[in-house]
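Trainee: Sequence:
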Amino acid sequence: MGNKHIETAYSIQDIIETALAEDIGSGDITTMAVVDRNANGSAEIVAKEDIVVAGILIAEAVFKTIDAKIEFKALAEDGDNVRKGAAITAVSGRISAILTGERVALNFLQRLSGIATLTSRFVNNVKGFKVKILDTRKTTPGLRILEKYAVRMGGGFNHRFGLCDAVLIKDNHIAAIGSIAEAVFRAREHAPKDMLIEVEAKNLDEVKEALIAGTDVIMLDNMKPSLMKQAVKIIGKAALIEASGGVNLKNIREIAKTGVDFISVGALTHSAMAVDISLEMTIP
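In this text, residue positions in the sequence shown follow this note's numbering: the first is 21, and each later residue adds one.
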């Protein structure tokens, strides 16, 4: 299901610079007033709980955008399980630059590591099954490229990045055109020939209609596991099967048992809690 690389209208550096501009504004008044601009020091970024880390290179880019001479040493890699109390990175250079970049670097690390950590929990809950855990487009505006990266670091897979890279015919598309068959026909006429066509189905009648229309992927939307089992039996090998809607850590293993190929989880990005990470100065 993994989508190919897509050129976006913005770059990761743009995201970093926007975040720094938002935080620094006209200047870090406290640091400029209190800290000697030329004073040097060191710090460590430390996990305050067990996490799957993501965003180390983003944190490095934050500090180096402020001061290119900052020395940044990664003590872990994105995707690593990091235990509470362990250092993730070491940073050294001008103390003023470290303090000015601290909050933005931590914001990225805490948010992305939170997504990676939650994703890993979902992935671990379906161990033993061939099912893949997918994300959705329910991401923070402007941060999708980073949040989908964090999902991969947690062991998940990316669904479509945006509206331009995959066909997913949902209930409102069907309502607008009148039938699944007509929607699939039009999609085949206009979409690139190598692009998969996915259709959302809410009941077994829609599953059957999607099959007759020649759909490549059928999304079982908000179905109970018992109904999913029936749908999986009907579909067989005629299409790939995705389960979606109402998925949580308590029911995901039961969903995996139905035999679906993919389970998409909006919560990976829209409900992940930021993890506890701090920056601690080590040399005054």
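Simulated from the structure, these hints should not be mistaken for laboratory data. Glycine is no exception: its CB is placed at the ideal position from the N, C-alpha and C atoms. Among the clues, some could well be false.
[What the hints assert, rightly or not] Label pairs and their computed distance ranges (CB to CB):
id, residue 1, residue 2, range
1, E42, L216, 18 to 24 angstroms
2, R123, A195, 42 to 48 angstroms
3, P161, D296, 21 to 27 angstroms
4, A107, A195, 52 to 58 angstroms
5, R57, N144, 54 to 60 angstroms
6, S199, A294, 15 to 21 angstroms
7, R123, P212, 41 to 47 angstroms
8, G148, A88, 46 to 52 angstroms
9, N58, A107, 38 to 44 angstroms
10, H193, G148, 31 to 37 angstroms
11, D296, T160, 28 to 34 angstroms
12, D236, A110, 28 to 34 angstroms
Trainee: Could you tell me which of the hints above the structure violates, numbers in ascending order?
Mentor: 1, 5, 6, 9, 11, 12
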